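Asks: Below, each chain spelled out in residue letters.
2 protein chains.
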Amino acid sequence: MKGNIFYAQSGGVTPVINATAAGLIDAYFRNKKYFGKLYVGRNGILGALKEELIDISTESKTELALLRKTPGGAFGSCRLKLNDYRKSKANFQRLYDVFREHNIKYFFYNGGGDSQDTTNKVSKFFKEKGYPIVCIGLPKTIDNDLPITDNCPGYGSVAKYIATSTLEASLDVKSMSETSTKIFILEVMGRHAGWLAASAGVIKKVSGDPPHLILLPEIEFKEKVFIRKVKEITNKYGYCVVVASEGIKNGKNKFLSDSGFRDSFGHAQLGGVAPVLSRLITSKLKYKVHWAVSDYLQRAARHIASKVDVNQAYSLGNKAIIYAKNDITDVMLTIKNISSNGKYKWSISYTNLDKVANIEKKLPKKFIKKNGYEITKQCKEYIQNLIIGEDYPAYVSGYPRYAKLKCKTIKKRLPPYKLK
Amino acid sequence: MKGNIFYAQSGGVTPVINATAAGLIDAYFRNKKYFGKLYVGRNGILGALKEELIDISTESKTELALLRKTPGGAFGSCRLKLNDYRKSKANFQRLYDVFREHNIKYFFYNGGGDSQDTTNKVSKFFKEKGYPIVCIGLPKTIDNDLPITDNCPGYGSVAKYIATSTLEASLDVKSMSETSTKIFILEVMGRHAGWLAASAGVIKKVSGDPPHLILLPEIEFKEKVFIRKVKEITNKYGYCVVVASEGIKNGKNKFLSDSGFRDSFGHAQLGGVAPVLSRLITSKLKYKVHWAVSDYLQRAARHIASKVDVNQAYSLGNKAIIYAKNDITDVMLTIKNISSNGKYKWSISYTNLDKVANIEKKLPKKFIKKNGYEITKQCKEYIQNLIIGEDYPAYVSGYPRYAKLKCKTIKKRLPPYKLK
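Protein chains in written order, with our numbering: chain A, 904 to 1323; chain B, 904 to 1323.
Derived by calculation from the structure, the hints in this document are not laboratory data.
A portion of the hints provided could be inaccurate.
Said to hold, decoys possible - With beta-carbon atoms standing in for the labels, derived distance ranges:
(1) A:T965 / B:I1225: 42 to 52 Å
(2) B:N1255 / A:T965: 20 to 30 Å
(3) A:K1139 / B:G1141: 46 to 56 Å
(4) A:K964 / B:Y937: 55 to 65 Å
(5) A:V1109 / B:L1322: 41 to 51 Å
(6) A:I1130 / B:I1231: 44 to 54 Å
(7) B:K1189 / A:L1322: 11 to 21 Å
(8) A:K1280 / B:E966: 24 to 34 Å
(9) B:T965 / A:K1228: 44 to 54 Å
(10) A:V1128 / B:N1255: 50 to 60 Å
(11) A:R1304 / B:Y937: 39 to 49 Å
(12) B:E966 / A:K1228: 30 to 40 Å
(13) B:Y937 / A:E1126: 56 to 66 Å
(14) A:V1128 / B:N1229: 55 to 65 Å
Unchecked claim - Here are the simulated lysine to any residue pairs, SDA-like style, with alpha carbons at most 20 Å apart:
(15) A:K1239 / B:N1153
(16) A:K1228 / A:D987
(17) A:K1283 / B:K1309
(18) A:K1139 / B:R1304
(19) B:K1311 / A:G1111
(20) A:K1139 / B:S1300
(21) B:K1309 / A:G1141
(22) B:K1321 / A:T1082
(23) A:K1283 / B:R1304
Note that this is a predicted model, so its numbers are computed, not measured.
No residue lacks a Cβ here, since even glycine has one placed at the ideal position from N, Cα and C.
For reference, chain A alone in the conformation it holds in the complex:
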């Protein structure tokens, strides 16, 4: 009897996590003879724990075909960090019961650092149980902070959104600056790593071009220097564009804007550093300031996804099935830069899960200019490779036509389970 597959989406979603799902689903249908059913967990690993499994063959082919171009997590995601299986056995035992009951022999988990950690734990637990299962982590994070892989799917599209939005808003504030708004601040995501804020830097060609100041979490925020710079730039060019990472911290290692709320991973829920900076500039320099917080808009902006990014995300899903067919396990798939002759090329590879779990890759020093507010040529080239090409969704009635899945779960066979 051929083993069934379990696939799920985890953590913060991206414009292209569904492209990875699409790649996996398409490859599954092409390789159907090697596998049993493909079950997708409703809301990530929760779907396994609650025995909420979506049989992919019951979804409409038309809607599945739209998945590659649909943002969000079409099957639901979750923020749920499993504890060590030696300490908190109940959840793992439940996973075991569900997987055994449904003959699941392939576990694909699509997420960021925390989700790779989950995949690693699941793999180790089943090994101890002597239950043969292929465990493959599929990377996904707009933060671009996973190690080993050259880049993370999701990042390129959000970087393209940020570069484009910064360029567009800069043209706006420049037009207004003579008699009105002189400062524009764009707040972007990035709790610990400045990859997203850095992406705005690709639009700068010559000194004086926006963005004038990129505020990275890797660099301590110094109020006095910042205010002096804003003043100098505005005096010189008539306006000043600031792109700020939500995760910037002051000298006391305190987030400039910490709402005090913690998510279930214990991470601070940030947001709102732009209004803090705006108030600061208005009070010290009396300039009129406009600010934007793009929040979910940036990571859901499938309408301006990067073609390279979509292709990579899709390929990862494809390759996961091929690797699984060949019994490659306990790995996270990676994107390798195999450029030659200055032309960007990439391929899919993999690395051991032990190497990636809980490691955050920050913006390297060589990517940040000495002044701390700009990115280097090398960084620009790295990002530019990942934002090339457009991959527009279809539009109906003026807005994108995205996939609408039924997400109907199969009949449960086990008693209900209360999450521990």
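Starting from the known structure of chain A, fit chain B onto it as the hints suggest.
Replies: Quick look at chain B alone, frame taken from chain A:
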């Protein structure tokens, strides 16, 4: 001697105000034999007062060709309201001196309500002076609040951005809602009129679809009802998407978020109603909330402009030249809905400037559902017509290639002038 033309951009810019400039410039070159030079004012009417005139024939044809697809105000805009010319004569006398010196016989002013008021004053002043000049106001405002015209250029593109962004972010929050964020709030522009917030409503097909709550400035914000609604919706659908106009007011007629800052027209600079609503929901209902403030991103988002909107904006510029050639004056151009057989069709017309100056067109009652939080079918149809079609810019290196004009001003002939 043929008269020269003065054209300028005024007020808050839009994704398509440059399309109007492009339409005007293209038509000017086609009708060159009827006119002298085409001067564009640097930073709106300021360009006339300061004698900062850009001779359009000195700009590169390649860059001018990109103008149709470039956001912002390529020649600089201004927020400057001229007082009554009988009370504040100096500025008008200066306009007279500059226009006479440069043989300017055509005045095209591209802006919103305040700018139409300026055009009207200029027209009346020159008439009193006995100086023959054609004065034509070109409409432009993302707020869609000008009277007479069926809609305003700029609105359709921002509406398309808001509809698309709301759809995308809704898919995101829906994915996250089981274990994390349940509420998403998008703050959009709209000080007194809810046209922009309303545009999010076009994506709602059936009850339960986002956006669940649209907060319009036309409707008093009632905290208790709002909180009850958010709770009900979240209980029923698992998540709740709110689109809030920056200009919503409470029962005391006070903006929910007034930064205290006033622009030179005396309007409050708003922004930041989303964090206010977020704090409210978190404190009353304990849900995890995400919020975005799109600010300039929305009105600069040329990358997702509406094709209908771009075509209308461009046509307005075109027609301005044709009307001027025929000595039509003291008018604001308008867009007329000439639909037939249920198919949206439009044409360009005009109306007397006296009829438009300082009148704000709010969202009509018939466009708002009785509950005050949704739009009617009629409203949806109205908006849908204006967001149809895509008109993508070209991309180079992963981000849009927008026009870069030199904006070099001609040699001044008059003594410098200090603005009164």
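Asks: Please go over all the hints and tell whether each is borne out by the structure.
Replies: Here's how the hints hold up against the structure:
Remark: the range hint 42 to 52 Å for A:T965 to B:I1225 is upheld by a beta-carbon distance near 47 Å. Distance hint for B:N1255 and A:T965: a CB-CB separation of about 52 Å, inconsistent with the stated range 20 to 30 Å. Between A:K1139 and B:G1141 the Cβ separation comes to about 51 Å, which falls inside the hinted range of 46 to 56 Å. Under the hint 55 to 65 Å, the C-beta atoms of A:K964 and B:Y937, about 60 Å apart, fit the expected range.
Distance hint check: the CB atoms of A:V1109 and B:L1322 are about 31 Å apart, inconsistent with the given range 41 to 51 Å. At about 51 Å, the CB distance of A:I1130 to B:I1231 agrees with the hint of 44 to 54 Å. One distance hint, 11 to 21 Å for the beta-carbon pair B:K1189 and A:L1322, holds here, with the actual separation near 19 Å. Distance hint check for A:K1280 and B:E966: the Cβ-Cβ separation is about 26 Å, which falls inside the suggested range of 24 to 34 Å.
Taken as a hint, the range 44 to 54 Å holds for the pair B:T965 and A:K1228, whose Cβ atoms sit roughly 52 Å apart. In this structure the supplied range 50 to 60 Å holds for A:V1128 paired with B:N1255, their Cβ-Cβ distance being about 55 Å. Between A:R1304 and B:Y937 the CB atoms are about 46 Å apart, so this pair conforms to the stated range of 39 to 49 Å. At roughly 54 Å, the beta-carbon separation of B:E966 and A:K1228 lies outside the given 30 to 40 Å, and the hint is violated.
For the pair B:Y937 and A:E1126, the supplied restraint of 56 to 66 Å holds, since their beta-carbon distance comes to about 58 Å. Our hint of 55 to 65 Å for A:V1128 and B:N1229 holds, since their Cβ atoms are close to 59 Å apart. With a C-alpha separation of about 55 Å, the suggested pair A:K1239 and B:N1153 falls outside the 20 Å cut-off, and the hint is violated. With a C-alpha separation of about 29 Å, the suggested pairing of A:K1228 with A:D987 is violated against the 20 Å cut-off.
Of the supplied pair hints, the one linking A:K1283 and B:K1309 is violated, its CA atoms being roughly 26 Å apart against a limit of 20 Å. For the suggested pair A:K1139 and B:R1304, the alpha carbons sit about 25 Å apart, so the restraint of at most 20 Å is broken. With a C-alpha separation of about 18 Å, the suggested pairing of B:K1311 with A:G1111 holds against the 20 Å cut-off. In summary, the hint linking A:K1139 to B:S1300 is not supported, as the alpha carbons are separated by about 28 Å, beyond the 20 Å threshold.
Under the criterion of a C-alpha separation no larger than 20 Å, the hint pairing B:K1309 with A:G1141 is consistent with the structure, at around 16 Å. Between B:K1321 and A:T1082 the CA atoms are separated by roughly 14 Å; this keeps the pair inside 20 Å, and the hint holds. Of the supplied pair hints, the one linking A:K1283 and B:R1304 holds, its CA atoms being roughly 17 Å apart against a limit of 20 Å.
Checked against the numbered hints listed earlier, the structure breaks hints 2, 5, 12, 15, 16, 17, 18 and 20; every other hint is satisfied.
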